[in-house]
Amino acid sequence: MYTLGQIAEFIDAKVVGDSAIQIDSIASATIAKNTQLTYVVGQKHKQELINSQAGAVILNKELLEDCPTNALIVNNVYLAFAKITHYFKKQVTHQIGIHPSAKTNNAKIAGNCVIGKNVVIGNNVTIGANTIIEDNVNIGDNTYLQANIVILQGCTIGNNVFISPGVVIGSEGFGNAKDDQGHWHTIAHLGSVIIGNDVSIGANTAIDRGTLEDTQIHNGVRLDNLIQIAHNVIVGKDSAIAASTAIAGSTVIGKRCMIGGMVGIIGHLNICNDVVIGGKSIVDRNITSPGMYTGIMPLMPHRQWKKVSLWLTKLDKIITYLNIKLKNLKD
Amino acid sequence: MYTLGQIAEFIDAKVVGDSAIQIDSIASATIAKNTQLTYVVGQKHKQELINSQAGAVILNKELLEDCPTNALIVNNVYLAFAKITHYFKKQVTHQIGIHPSAKTNNAKIAGNCVIGKNVVIGNNVTIGANTIIEDNVNIGDNTYLQANIVILQGCTIGNNVFISPGVVIGSEGFGNAKDDQGHWHTIAHLGSVIIGNDVSIGANTAIDRGTLEDTQIHNGVRLDNLIQIAHNVIVGKDSAIAASTAIAGSTVIGKRCMIGGMVGIIGHLNICNDVVIGGKSIVDRNITSPGMYTGIMPLMPHRQWKKVSLWLTKLDKIITYLNIKLKNLKD
Amino acid sequence: MYTLGQIAEFIDAKVVGDSAIQIDSIASATIAKNTQLTYVVGQKHKQELINSQAGAVILNKELLEDCPTNALIVNNVYLAFAKITHYFKKQVTHQIGIHPSAKTNNAKIAGNCVIGKNVVIGNNVTIGANTIIEDNVNIGDNTYLQANIVILQGCTIGNNVFISPGVVIGSEGFGNAKDDQGHWHTIAHLGSVIIGNDVSIGANTAIDRGTLEDTQIHNGVRLDNLIQIAHNVIVGKDSAIAASTAIAGSTVIGKRCMIGGMVGIIGHLNICNDVVIGGKSIVDRNITSPGMYTGIMPLMPHRQWKKVSLWLTKLDKIITYLNIKLKNLKD
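Chains as they are written, first to last, in my numbering: chain A, 849 to 1179; chain B, 849 to 1179; chain C, 849 to 1179.
Hints in this document: simulated from the structure, not taken from any laboratory. Misleading hints may appear alongside valid ones.
Which copy is meant is left open, so a pair is good if it fits within one copy or across any two.
To be verified - Derived EDC-like pairs: lysine to aspartate or glutamate, alpha-carbon spacing no greater than 16 Å straight-line:
{"no.": "1", "residue 1": "K1026", "residue 2": "E1061"}
{"no.": "2", "residue 1": "K1162", "residue 2": "D872"}
{"no.": "3", "residue 1": "K862", "residue 2": "D1027"}
{"no.": "4", "residue 1": "K1085", "residue 2": "E857"}
{"no.": "5", "residue 1": "K1085", "residue 2": "D1028"}
{"no.": "6", "residue 1": "K965", "residue 2": "D989"}
{"no.": "7", "residue 1": "K892", "residue 2": "D1028"}
{"no.": "8", "residue 1": "K1085", "residue 2": "D1027"}
{"no.": "9", "residue 1": "K1154", "residue 2": "D1132"}
{"no.": "10", "residue 1": "K937", "residue 2": "D1122"}
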């Protein structure tokens, strides 16, 4: 909890409004309440600013006239946001063994596990050796953690979840703001990860926590090994994702989707229900109709590929050339 | 060990034959013996059913007349199979430290290792810190496990094997059956992983156990970091696979193959001996002749790629159009 | 420290020169000093041989006349090099807890950490649970290791570095020499990893140590989750690399580059400053001009892709055919 005046000092901002109000957390512009701070970058998000219920908004002076609440004026809004996130990041207990406040119920806990403050574990849970569960994690009933798993602070794991070795849940998202010198400033990720019921997660998969809101894996989802789920991704109910796929930040995947192995899905996309993506494809646009989609280069003998790839890089020129030739012939 | 009658109850099947026979395990139709259960889905596998020596077969009523042995009739065969696997899955001991029944020989074992029941370790083995070896694992002579490795129950590691940190061997395969409501049911993987002699495995690589039979990495294989080897894959002698490659279930790779980094190989394929796959290619068909194969999109300045990719998605239409134009001109 | 005569015995080489000289380490031909051993393969590297200051060189007899120093003559130079590296590999202490010689300063060290001989840790460092730090590692001030991390012998981590769970730093590189029987012989990697200041590294990322010199991650770099950084790679200042990307051995990436997710970069390349690579592209050549580069197959409905991919594999033939047709029409 900081006053707006304190926050202004932390990020070197000018307050327009009431420096004395108390800010308890940070949220996105569209959902922030009057005790929360938000930020708005660019004219594109002007309407979100106008409608915002936030207690205060970090913004450029150009957007000041549209700000319906207290403002913190800075030059580099995203950088100021990155800096202030660290003041709201919860510290974790670095400890040995099981914290006395943890409610481990009848869980079977194998050797060398570390379980943090205020962890709550349901009925009939198994926690394999060398697993780390940080503060404030909730784990449902009948969930099985194989071994060597890390669940970072504040994440929620449902009932009947199965987690393979080497999985990391709640790691920091990959969000960075650049300063004038071209240096990156890390955003502290304040959201968490929510794993629904009846989910299984394969070996060495990593699921990042959300920036402000939570990354979500809905009921019945199947995740294979070595998958990357970035911050704020939502994977819809009963979807299945094969190994080594990576999904970038804030993408939303519908229900009952089947994503092949080694697929790359870029950030901020929407993929509707019942979509099938062929293995190794890249998804670089929204998908609004169910069905199967593919985008891969077929395998060829290397010698053949060398010839084809030469023409490929000139495809636009060749087609234009052929069209002109045809036109000339016709004339 | 269950009677066929018990199994029928577990999966809600109708027995045609002798409910009293004892079933001790599950195996594929082609190798199952008379104390084993198998399953057959679809007319495609009718011949395997006719030849099967299994004690009992889970099947649809349409295949009943071709069943040479006891039958368990269900509507959704694969789902029934998924459910019954869990009854044959071995429980592991969740413990602290080294189980008294483990034969660790003269192994150097560093801090915080957990070693399960009936583990057998050969001569001159080193086991780095925070490593977990589950029940019934066998490790050969002179093998070196760096640190933070998980080897799950029943796996076999040969002589002179080198394993880097973060490796997971014997994780559950990615096999799931769908029910009528579109929910996934996990298959418990009853096979294991067999790693031959003189193998090296890179950091954070994951090797899944087989569904019924074993995943196999043959002698002399080299695996780099962050590789995914799915259930029932076989990697032939002296093959080398570079980092971040993923091989889907049941694919068999020959001897002396060299697979580049970030290659994707889809499931149920056969790749013959002495094949070289260029980095980042996808292998989507069997390869029956030795040689080098590639399938990648060449890198271009982004602006150029945008033009090329536009034509690419219309390639079939353009070629048809050009052919018609040419034909018209000729006439 | 071995005499050249001893080394000749280890790798079954013929000495031409002084068998009595002492060799203390191995280095690349261009930087090796007179107490160091190097190797040269092929006429392509003849000039490096002629200029070498090394105490001795492993080579074929064909290059002997160009050798300015002591020579070790073998048939298979790369195999002899692979074998001799193991004699210069440092052994690590396999222990329990914190070695008495480690200088841990005021570091907060959570449960089940293992810290090796002669480790030096700066001020205000946090080391999360189940982390392993091998002998001779140096860690700077204010560095934060989340949990379950492995840092292998001799690596250096700078100030203000943030490392996510599951990261492996200093794993063996993927370097292997083939013998006459087609068996691989592992090269022991004698270099290490140097991580600069203000670097962040995402979950389950692996960074291999260098073969002879060091793998380097320069100041201000951002690495996302599940990234593979191979031996001897250099990532320049303030570059950012998104998740699941893999960079092969000895590639040098400039400053302020932004590499998308799931990009593959082949080995021994140079990428200049200020390059942006689109997600999922492959970089298969040097890049000498700043700018954005892409090489991906666009996503299509599967049915459309099947038609396009058919033409793609015949692209060279079709274009040749169309050109001939056009020419014939003209004549």
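Tested hints:
no.: 1; hint: K1026 x E1061; result: neither (22 Å within a copy, 31 Å between copies)
no.: 2; hint: K1162 x D872; result: neither (57 Å within a copy, 54 Å between copies)
no.: 3; hint: K862 x D1027; result: neither (18 Å within a copy, 59 Å between copies)
no.: 4; hint: K1085 x E857; result: neither (44 Å within a copy, 29 Å between copies)
no.: 5; hint: K1085 x D1028; result: between (43 Å within a copy, 15 Å between copies)
no.: 6; hint: K965 x D989; result: neither (19 Å within a copy, 27 Å between copies)
no.: 7; hint: K892 x D1028; result: neither (23 Å within a copy, 45 Å between copies)
no.: 8; hint: K1085 x D1027; result: between (39 Å within a copy, 14 Å between copies)
no.: 9; hint: K1154 x D1132; result: between (26 Å within a copy, 12 Å between copies)
no.: 10; hint: K937 x D1122; result: neither (37 Å within a copy, 32 Å between copies)
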